[in-house]
Amino acid sequence: MNKMILHDSSIRHATGQAIYIDDMPAQENLLHGALVLSKNAYGKLKKINSSKLLKLPFYSKIITAKDIPGENDIGPIKKGEPILAEDMITYYGQPVAVVLAKTYQEALYASSMVDVEVEVIADPILTLDDAYQKKSFLIDPIILEKGSVEIEMKNSECKLSDNFEIGGQDHFYLETHVALTFPGENEEFTVWSSSQHPTEVQHGVSNVLNIPAAKIESKVRRLGGGFGGKESQATIFAAISALSAFVTKQPVKIRLNRHEDMTATGKRHNFKVYYNVGFSKNGKLNGLDLILLSNGGNVLDLSGPVMTRALTHLDNCYYLKSIKAKGYVCKTNTVSNTAFRGFGGPQGMLVIENILYNISKYLSKPLDEIRKVNYYSKVNGLTTPYGQNVSKPRINKVLRQLHKLSNYSGRIKSVKSFNLKQIHQGYPFRKGLAMMPAKFGISFNKPSFNQAGALVNVYSDGSIRLNHGGTEMGQGLFIKVAQVVAECFKVPVDQIHITSTNTAEVPNTSATAASSGSDLNGMAAWNAADQIKKRMISHIAQLFKKSKSDIIFYNGRIRAGKNSMSFSELAHSCWDNRISLSSTGFYKTPKIHWNQDKLYGHPYFYFTWGAALSEALIDINTGESRIIRADIIQDCGKSLNENIDIGQIEGGFIQGLGWLTCEELVFASNGKLLTTGPSTYKLPGSRDIPRKFNVKLLEKADNDEKTIFRSKAVGEPPLLLAISYFLAIKEAIRASGLNARPELLNAPATPSEILKSIKG
Amino acid sequence: MQGSKNITINFIINDEIFNNITVPVRQHLGDFLRSIGLTGTHIGCEQGACGACTVELDGKAVRSCLILSSQINGSVIKTVEGLDDTLMKKVKEIFLKHNALQCGFCSSGMLITTKEILNKKKKLNREQIRTEISGNYCRCTGYQSIVDAIEEAIEDNIKDI
Chain V
1 MNKMILHDSS IRHATGQAIY IDDMPAQENL LHGALVLSKN AYGKLKKINS
51 SKLLKLPFYS KIITAKDIPG ENDIGPIKKG EPILAEDMIT YYGQPVAVVL
101 AKTYQEALYA SSMVDVEVEV IADPILTLDD AYQKKSFLID PIILEKGSVE
151 IEMKNSECKL SDNFEIGGQD HFYLETHVAL TFPGENEEFT VWSSSQHPTE
201 VQHGVSNVLN IPAAKIESKV RRLGGGFGGK ESQATIFAAI SALSAFVTKQ
251 PVKIRLNRHE DMTATGKRHN FKVYYNVGFS KNGKLNGLDL ILLSNGGNVL
301 DLSGPVMTRA LTHLDNCYYL KSIKAKGYVC KTNTVSNTAF RGFGGPQGML
351 VIENILYNIS KYLSKPLDEI RKVNYYSKVN GLTTPYGQNV SKPRINKVLR
401 QLHKLSNYSG RIKSVKSFNL KQIHQGYPFR KGLAMMPAKF GISFNKPSFN
451 QAGALVNVYS DGSIRLNHGG TEMGQGLFIK VAQVVAECFK VPVDQIHITS
501 TNTAEVPNTS ATAASSGSDL NGMAAWNAAD QIKKRMISHI AQLFKKSKSD
551 IIFYNGRIRA GKNSMSFSEL AHSCWDNRIS LSSTGFYKTP KIHWNQDKLY
601 GHPYFYFTWG AALSEALIDI NTGESRIIRA DIIQDCGKSL NENIDIGQIE
651 GGFIQGLGWL TCEELVFASN GKLLTTGPST YKLPGSRDIP RKFNVKLLEK
701 ADNDEKTIFR SKAVGEPPLL LAISYFLAIK EAIRASGLNA RPELLNAPAT
751 PSEILKSIKG
Chain S
1 MQGSKNITIN FIINDEIFNN ITVPVRQHLG DFLRSIGLTG THIGCEQGAC
51 GACTVELDGK AVRSCLILSS QINGSVIKTV EGLDDTLMKK VKEIFLKHNA
101 LQCGFCSSGM LITTKEILNK KKKLNREQIR TEISGNYCRC TGYQSIVDAI
151 EEAIEDNIKD I
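First to last, the sequence lines map onto chains V and S. When we follow the numbering used here, the leftmost residue of the first sequence carries the number 1, and every step to the right adds one. When we follow the numbering used here, the leftmost residue of the second sequence carries the number 1, and every step to the right adds one.
The shape of chain S in the complex, shown without the other chains (with noise of 0.2 angstroms):
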């Protein structure tokens, strides 16, 4: 806290250009997301452990409590509030449709996890499944619909190349 500084550094949330902003360079990325307005992203446990603040950040998905914010010099990332692709759009759909989210904590953090899932275009079975989301917590679901969701989304993908 005490001697602690500032950087100033440029990046690229959700398509917009931030040039010359000031971070202070003992925070971390998801306490600096939400001090700009970006609320979506949430803070679980501060240890890399749960997964509710997960982003992507120059297209993988990483915990955002475990990033500095000086770290991200000349990065582009993606929050939940950002995910508003087609492709995106289509998967919220799905999760809604399935009831994959319920107290909404975890799911900014499981839709990034999710899109990075479908990014690799590969098809992959729930056990794979599984293994991918193995780093996002969700306390209310007991993942089964969030599996069911992303099988579906992931068949819905690969369908559409």
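Just chain V, with the same shape it has in the complex (with noise of 0.2 angstroms):
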């Protein structure tokens, strides 16, 4: 495999060619829609009144819930999530109705035309404590128990009981959701969207029109960044547009601008964590206690597994001898939360970094000492709290290589002689510097969602055409998947044509989520051109009176003792002699079950490990912070394409620093969400990335399970390494001052939030 082939689409994307959904030709009778969104939290919603349209001097039609032919739903695991407000409103910029127009600018005018009378019955819901008392919550606890934690607890000799919040975090991909639908004949709809689960567009849009799901069908090219906000949310513009499109008989395009976006879809889902934790003088866990609350926002969407990954990954790199943490998903009114990189297990194991950090400080004792007698290891124990065994943990490996990388030893060193000098000096500056293991579990939780469909086709002049379920949204899947599919033919990449993910190609897809994207489709597109390639070979075999062992495929020819052509006489051949050149592939994650009741099985097919330094530095007059460096160990097992996957770790570890630093969603005390654009939300810029970036792919490193040429997954696991710059944030406030109190440090780590946590 040549692991540094590039992007597939890079060059489109430099040269303004790549064709984003906005970008494709407008028809003729094209519709523009815009939302009407709500402007009250909750309530009964009484009327909507469009009569100011007819007065417009150009066409609008304003389409409602009452339009659908179908239901009004599009829950991808609970009924009862509508595309458009029926009778409750239930957060503020809840979608409401949409109003279409001729171009867009008269759509966006016209939907502010239309007044929604809303009757307040009740305050609504904004806080998760709140939620927590009025026991509002979308499903039963989630719980995780191993062992006793009550007789734990009471055997520990030292005990700590405290809480803290974890903030959500906007997708902010440079891509607003959009959605275009093209009526045909019979009831055809073709649907395309930004969505990283168009099977989900295509049976949400079939629940909604009341029309089957083989009349739909749903595509994507590329999204202009996705990171989970467009995996279930997508289903809800795509739905709009279709049902517009349904009404009017008429191509219907709807693309949220920017404070659209951010006011009515779902975000990461924010945190607030309750602790009891007993533990022994030199800091191994004995007990944890816990209770878990996350926003869930006004339906379930996907939180309820966003909470099991948050549990599932609580233990981190740790043996946990006993727990029982409580998940608990609130019910409030704000917009639902969903999917974001990481899927609750970043919230995870901040939760337990956190606590192990608190212990560190409760016991006076360096973080890595604490750390080190509660690793997974023969000694400790190889369980998961679910019961998953952690086979052959890979922490020394990661951590012997960061160490060599970061000069780490070298640097707490040179750290603390700078706090010295600062205190000596009287000047502000602090510095912190903390390291950070990390495990994540590869794989859907739920095993269903682990199977994947490939489509390879190879004409007669021996170009070859791929497609598969996942969706491409810049991560770089498509060129991972040709490159399976070039190396089976033994052809170059370039002769693998790349095509739209199309569920009327390929049905019945998952998610392109859950860093699963390759180890799925990879293995799909492996099984399909494999197919074609055994038919090849028993053909060649009998041409040239050969046995099967001796046909070699290479270099874009196949040879047969002395005989030899080119892959494309080799498909003219098969062709000629009427062998089936199209092989769909197919394919399921082995080994994998999972009982969702006990919370309890072999979740995940493997494990990714990775361990990250980061060194910060504060200002404890303003509680400014900045990152000095960062030193990353990322294992990807046997890289498919070292280029992609250095990109994903350094873009993921800075998006993990935005979720933990500076990127804040305020909400007032209505619901309405207040920070809608990049004015007001702060994302990590070019200069809030550290001044030196080290980042390196685990050396010597394969994958003991039988994945895709044996590598790893990457999307997830590289965001959370960016909790060791929130550890490193708490020790730079560690050694700002007697009274400071680093414990009381929430998520995202703000100037004031570091100011509170100085001043103690």
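Honestly, I wouldn't trust all of these hints.
Said to hold, decoys possible - Derived EDC-like pairs (lysine to aspartate or glutamate); straight-line CA-CA distance at most 20 angstroms:
1. 154(V) with 289(V)
2. 97(S) with 642(V)
3. 682(V) with 132(S)
4. 102(V) with 28(V)
5. 682(V) with 46(S)
6. 97(S) with 494(V)
7. 692(V) with 132(S)
8. 692(V) with 148(S)
9. 90(S) with 156(S)
10. 534(V) with 461(V)
11. 692(V) with 152(S)
12. 692(V) with 151(S)
13. 696(V) with 148(S)
Keep in mind the hints are simulated off the structure, nothing from the lab. Treat the numbers as computed from the prediction; the structure is a model and nothing was measured.
Bring the two chains, given one by one in their own frames, into a single complex with the hints.
As structure tokens, this is what we get:
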């Protein structure tokens, strides 16, 4: 495998030729839609008054829930998730209607002319504590339990209890949500949408229009970023555009502007965590008693699995003797939160890292010493609280390489002397240095999602067309899967034509999510290509009267003893002899099983490992923080494409930094999100990245499990390595003075949060 | 919207002369460019903060969402589609090599900003490069590969003169 192959779209990205859905040429009769969003967080929807539309000097048409011929529901897990509000308004910014016009500007203007009457009957629930007190939950609590926490707590020499908050995060994909539907004959609809899950779009549209899924073709060539925000959320806008096309019998495009996108679409779940922890004098964890509150928002969406992943990542790299963690998915009157890179994993890992940190402060010991006595090992134990065995932990291997990359030991000393000098001279700067190891489970927790399909067509000229269920959102999935097919046929990768994800070509696909894109689709594509290859081998063996084992594919050619021909000649010869050159491929992840009721089983095919060391600089007068340096080692197994994987690690880490430092969602007391654009919602910019940023893949790594070419997933794991920077800030706070209380720090660590912790 | 008017103007985009073109006075330049098929310029936030819609206007990188199309009378505009001179072709190759484009949505704006940096023909360190591109958000790469690419592009550009 050539591991430095470029992203397949990169040249088109650089020349403006890459076509996103909003770039598709407009048809003459295309209608544009603009949403009418609610201006109340909770109440009865009394009336939608659109009478002012009649006075407008241009065409406009309003579409509401009453126009839905099927069910007003696109819930991916649980029913009751409307695309347009029907009887109740349940969050501020909820789509109530869509107004169509011939131009987007006209639609936007017309949508502002629609009045929504709402009868307020009770105060909205906006905080996690409020929801918890009122027992406002979306599902029954999800409980992870192992051993007897009560007994272990009682027998522990030391105890700590406290709580902290973890903020949410807007995805801020650069391309906002967009969907474009073309109606066809005999109830056919072609829906293009910026979706990570075209099959869910297909089913959502089918359900809303009451038309069989077979008549709905759901497609996407590329997304301008997804990060989880276009997994389930895309279905809402795809269904609204399809409904509008159904009613008007014209093509309809819905493109959200940034304000609408940030207001009306779900985000990373904010959490609040209450903990009691019992431990020994050397920091060994005995009992962990936790309550995790997550903000599910107004409807369930994917909040159940997000909580499950949070609970199954609480252990991170540490053996837990006993634990009782109750996860409550709170029902509030904010937008329904959804998947976001890491999917609860980062929140779960921040919980344990934060607790270990607070133990280290309590015992006045270095954090790494506390970790050392708790790592998964043969001595401590290798079984996770959910029953899966961590057969071969790579913690030591990862840490050895990180130490070498970062000069960790030397830097501990220089940070210490920097801080002493600052204190001595009365200067306001403090540095903090913190490491963090990470283990991340790869597979969807729900076994049925771990399947994929592909379709490979070889044409008689030898060109190869590839289609699979994965979506390309910038992460480089398409080129990785194309590399797999090229490797199978031993042809140059540019001989593989990469095509749009399309439910009509490969059906019943899973979301491109859970970092699983190349694991699943790579295997399915290999399976498809390999079937064709086997037929080719049989044909050639017969043709040249050779045994099958004599047939060798190499450099775009095939050899059978002394006979040799190009791949195109081979393809033509197969066609000539009536050999099928098309095959579907299928893959299901082996070995996994899961009991969701007991939270027990073997949910993850394998684990990825990684570690990061971050250095923080804070100003104790202003609370400002800067990341000085970050060093990262990430386990990608035998990487399919190192260039692409390094990009995922760098980007994921910086996105994690944003979550933990500057990205703050601010809601008004009426439930209105106030941070609805980059002018008020601070994303990490080019000056917010580490001055020195060393990223390396784990050397001498492969995958013990039979993944595609023994590679490992990479999409999500690097994001949570940013927790090292959160801990580094806590270290800097700890060095700020005797009153400092780093345990008070909530995420995101904004200047005001940092100041609060410094002052104790 | 009501009482909106049109205005007729002349301008040059990507070396092509446009004479007597009628544009709505309240349409921003980004929307106008996209309406004539130059969809390589992307709309990200429409408040001038994300940089995705950056184009070159009379030699300067500007946010096309903050300029009205009616303001471009007599101006020369360059969009990503027009970055086809030798220098920018080389820059694009360097961007590709460094994997400085992932989802691609910020890329056109980032390349226009890079052009402005290179026009200065000054050697910049990484800190200065980060400052120069601080008006362009990228949500995918973490900027490292973009800074790497621009650093190499500057080296390359200065070497040539």
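Taking each numbered hint in turn, which are not upheld by the structure, reported in ascending numerical order?
-> none
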